[in-house]
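Chemist: In case you want the letters, here they are:
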Amino acid sequence: MAQIELKNVQKFFGPVQVIKDMDLTINDGEFVVMLGQSGCGKTTTLRAIAGLETVTSGEIFIDGVAVHEKKAADRDIAFVFQSFSLYPHMNVYENIAFPLRAVGMSNAERDKAVKEVAEILQITALLDRRPSALAGGDMQRVAIGRALVRRPKALLMDEPIGALDAKLREEMRSEIKRLHISRGSTSVYVTHDQIEAMSLADRIVIMHDGLLQQIGAPDEVYLKPANLFVAEFVGSPVMNVADVVLAASGGQIQVRLGHGDAGFHFPAGLTNHLKETGADIALGIRPEAVSLQHDAKDGYIPVETTNIEPLGSHDIVDIKLGDISLRARTESGFVSGEGQQVWVNIDPAQAHFFDRSSGLALRGQS
Amino acid sequence: MALSVIARLEPGSRAAKRGMSDLAIRNLFIIPTITFLIVFNIFPLLYSLGYSFTDFRASTNAPAKFVGLDNYKFLLNDEFIWRNFTITAKYVIISVTGQVIVGFGMAMLLNRDIPLKGLITTLLMLPMMLSMAVVGLFWKLLYDPSFGIINYGLGLGKFEWLADPDVALYAVALTDIWMWSPFVMLLSLAGLSAVPKHLYEAAEIDRAGSFYTFTRITLPLVAPILMIAIIFRTMEAFKTFDMAYILSSQPTTELIAIRLYKMAFLEWQTGQSSAFAYIVLIMVVAITNIYVKYLNKVKER
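These protein sequence lines are chains A and B, in that order.
The first sequence begins at 1 in my numbering and counts up one residue at a time.
The second sequence begins at 367 in my numbering and counts up one residue at a time.
Chain A extracted, bound-state conformation (with noise of 0.2 Å):
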């Protein structure tokens, strides 16, 4: 079990910076998922950290130690990758036993470990087969297992599930997160997911273009966003951003959307953050901030429908509010069809505003 610390990372391949001014740190026993699009840096951050990629400059230690000069092999730590990558000519048995073997531990003290883990991992009956022979989940759990036969510092899994179908894909997130927690081994886990991540995770690391975007909890990075980018990664369906400007209107303040007069009302306390920015501000709400009525109310605003996502549980209906489109939450078939007459209102305590220009989000002092 051990501490991961990446000081200043910076990787070049070539000409192109995959990793910017990495600083992060990873606590004893901590699972961290890092979230990201393809090509935005995560895998090379974890492979750095596995000793597979050297870094261009910066510092990784891992329980203090100065590791990023040093082999693989010698970091002690292991790695699930997304390509399994169980050795084809070796059977379960082999493979699993392959990491003690290379270190030539004892044939009684392997045997034991070996059968010990498949126990774990409920494999026990495929260990005399070959890989070829195995079905996807089952490869997995092999390629887990050979990661944590040898008891390493932390365990490292590049995408390991990304490779599987819906079904197995739920079943093995549940399997991992049970693993973790009665291994309790430091974990990195790498995913462009956002459901994987929120949860297994017991912190997110967003990353984009190599940078690193907000490092936190699964509801803190969903409930408070630190910029757009993450705002509009996390949370399925994505969160409505939209242009806004601020009116007085009496003792409240009207946020507008779309560039037409009709505007939400928020508590001024909300707002009172924003005027100082003078920067164009940009609403975030999510889907289930958004709240549909058949009926006109005090401070909702009539728009009509242009299109319905049934999906059993709830809805996701669109709706034209000026010449943006918003995104609302209802309960299944709350609004029967397209082209309908509803009246829309968010709740302004589940707003986010952002810094048009920088991204970033604008938040009171509460």
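FYI, nobody ran anything at the bench for these hints, they're computed from the structure.
Derived contacts from chain B toward chain A, CB cut-off under 7 Å, selection only:
hint : residue
1    : H564
2    : L565
3    : A568
4    : E570
5    : I571
6    : R573
7    : Y578
8    : P586
Source: prediction; values computed, not measured.
In this text, a Cβ means the ideal position worked out from N, Cα and C, and glycines have one as well.
Since chain A is already given, all that's left is putting chain B on it; use the hints.
Modeler: Showing chain B alone in chain A's frame:
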């Protein structure tokens, strides 16, 4: 079924305009090959099988007399023939082992990013593009005791490479290694580059040392293609004739192919040499089969 596999002719093509059917085209390609095979391979094979049971001599007009298995009995009981077999076995083992070590070693060296890799590979392949007889002729010059460059380079004075009965076979094998290592290298290189890179990364993560990685990952994964190279080289080494015949005429370098040549065309023992050729054929097929069995076992995974 067979017809449906063959692509239909383009309706507007020249062949179609000339009134040729798919079947006609197929026959046009296949019949010459089949005829050639029958006339030059199958027929002599069967005809010599017949001769192997007679005392026929191609140099006389005397009619062939059926002698049953006498030729086979005689050959298998002849200790000189067994000496030829021993020499050949020794030669095959030395030469093929040498080629695998040198060829695989070169492939390992080339299986990385080095400048001018393509050019180096091509240059290394030159020996196997030469004619066997030519290689024999100029290696005879290289080995020459008085002006050969090998003795000059190694400072061995007047060392008799080819005239020394104890060394001559090794000298011939060395020439064969020089000539055919590139072949093993070529196949090994194909095998090595087919090993997925992520397996090496996994091995590195698993803390396997370079030797352990080589024996447990690289070698088993290259084994099937290396085995094919070994099959080819063993068969070829078994029937080595021209190069060895040109290089040395020592009794210690008398490989079965040379003995066979002498028996058939110097002594004109046509019947007996046919029987000899069949014994050799059966041996080569048997040895190849052992390899193929192993190859199939390796390929199963």
